[in-house]
Amino acid sequence: MKPWQKTVLYIVVIYFIFLLGPTAGLDIPRIVQAIAQSPSLLVTQLLVGLINGAIIAIIALGYTLVYGIIELINFAHGDLYMLGGFAALTVMGAFGMQDGAPFISAIIPMLAALLVSAGLCAGLNVLTERYAYRPLRNAPRLAPLISAIGVSFIFQNLGLFWGGLRSFIPIMGNTAAAPKSFPDLLPRTDIFQALGIQTKIDFTVKDLVVLVVAAGLMIGLNLFVQRTPAGKAMRAVAQNRDAAKIVGINVDQIIVLTFLIGGALAGAAGLLVGLYNNTIVFTMGFTAGLRAFTAAVLGGIGNITGAMLGGVLIGLLSALSDQYLSSRWTDAWVFAVLVLILVFRPSGLLGENLQEKV
Amino acid sequence: MLELIDVSTYYGNIQALKGISLHVEAGEVVTLIGSNGAGKSTTLRTIQGLLRPRQGRILFEGRDLQTVPTEEIVRLGIAQSPEGRMIFPRMTVLENLEMGAFQRRDKPAVIKADMDQVFDRFPRLRERMTQKGGTLSGGEQQMLAIGRALMARPRLLLLDEPSMGLAPMLVSQIFSIIQEISAEGMTILLVEQNARMALTVANRGYVLQTGEIVLAGDAKDLQVNETVRKAYLGEE
Ligand SMILES: Nc1ncnc2c1ncn2[C@@H]1O[C@H](COP(=O)(O)OP(=O)(O)OP(=O)(O)O)[C@@H](O)[C@H]1O
Ligand SMILES: [Mg+2]
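As given, the protein sequences belong to chains A and B, one line each in that order.
Going by this note's numbering, the first residue of the first sequence is number 1, and it counts up by one from there.
Going by this note's numbering, the first residue of the second sequence is number 1001, and it counts up by one from there.
Don't read these hints as lab results, they were simulated from the structure.
Each hint should be verified, as a subset may be incorrect.
[Stated by the list, open to error] Which bits of chain B does chain A cover? Going by a derived footprint, with three or more residues having C-beta under 8 Å, they are:
(1) 1061-1071
(2) 1090-1096
(3) 1169-1179
[To be verified] Here are some chain B residues pointing at chain A (derived, C-beta under 8 Å):
(4) 1102
(5) 1148
(6) 1166
(7) 1203
Cβ atoms here follow ideal geometry from the backbone N, Cα and C, with glycine treated the same way.
The task is simple: from the sequences and hints, build the whole structure.
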């Protein structure tokens, strides 16, 4: 971009912020006042943002891992996560779990739900790669992208269908499309209160569990990618596929592995969101998918740490916007970030373009 | 050790190799020289199984490689330092070398010992052990690419234009390392545009021209061959 084009762009962007800002809730005096009135609310909101962000990050990892390996934006990934939520809900139903069931009795059903949803999503993702993407590997890049959108529709309709199966969904809404309630199983014991600390900050055992599981998954993935031979092979394929072949890496196997891991993470995220928000709906994959994709781009698509950082940032932005800007405009703010990133730093916050020297 | 019989390789409809036959015996350094686009890299990629010949056979120690996947070919003992180095840019020098040993099932200690050997051969790489591959200079990347290939403990080493883009000093350094490796018993198939250097280190050579082998013989004979001198050594 030429300097003058950049300047014009800055002006346009600033103009829109000033124009849209107040409409979309960017009323700085009011925000300052709200924060001054109740700083603990800000902390609570930041914690909410952190937890939601961690879940977004886990979904974002699925986008980034796949993009890193085959440069495909797997548009079906968000919907895969939605199916993970339905799988988890079905397992909960099979165990007869209901709101407020004792935590101890919920542990085994939750672990079972994790296994089933992660396993199902991993399997579906691998099948998708095998039958929807692999045949198009040497086709123009638009082809697999369209294929991905098609798979996304299939998954959404699968979710809609699943939502209508009375025997599979413990508490039916009125219609198949209606949001389904997910049993509230994690204790809402306030941690600070239990510790005898006087504060207005809300932080419950439920929050902590979701945060710890999400963080655990991310740390686990990082260790896998950094330390294990298979993880290193994944990085090698992402960095130079021909070189990976030359050193004897079976690239097809690594691609399958990548879809497997990304799918499992999406399934886990589906369960976490069910447990955290206590409601799932067949369209949630689309919105969460867009946010996660934004997070992946924000962090630098293809970059694992970037996806984690991007997820947390998007989570924080959403939570703060919900509270201080305008919850109706939250999505707009999130996508404004996507646009700004694409315009000013297409490689993302952590994306580096280290080219090989010839 | 390696034998190509009437091998033809295509890129789509473009025929890049037009039925070439060549052989490399254990312990030899054989060079394949030719100008841009002659098909030298294509030959190496075909041997490695990255491209499959439409016609002809490739035998490695008597075994037909036709249906053998690349990773298995590496395990059988063929490693390559590819054209353009192709190191992993965001991996450290150490990790790049580790990846070279990806197909080996040896104990970590054995692999570590081999890595020390590579570092002894290329002290520059030892100094830059924890540096990302993409930040190395061209010469260092070339050393890394050769080192990475050696980490596979190959019996046949394929080198694709190791001197490309390097300063004359570095070129002679790389060639003396090739000689060293060969003196330790490695069989080498060396692809070069720098025919002069290649013919000094090689025992035998083949001249490739638009996908066909037009000349073959002892390196000494090729050095004095009229055609080679005119076309590839730039002499009148
Ligand atoms: N990926 C490809 N698709 C189509 N044609 C190709 C491809 N790679 C190489 N070719 C063609 O095949 C022929 C041989 O190419 P190759 O790379 O083997 O030559 P080379 O001898 O290694 O040349 P150089 O010295 O420039 O590296 C050339 O005509 C080239 O244009
Ligand atoms: Mg070449």
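Practice task
Just pull the numbers of the violated hints for me, sorted ascending.
Solution key: When the structure is compared with the hints, numbers 3, 6, 7 turn out to be violated.
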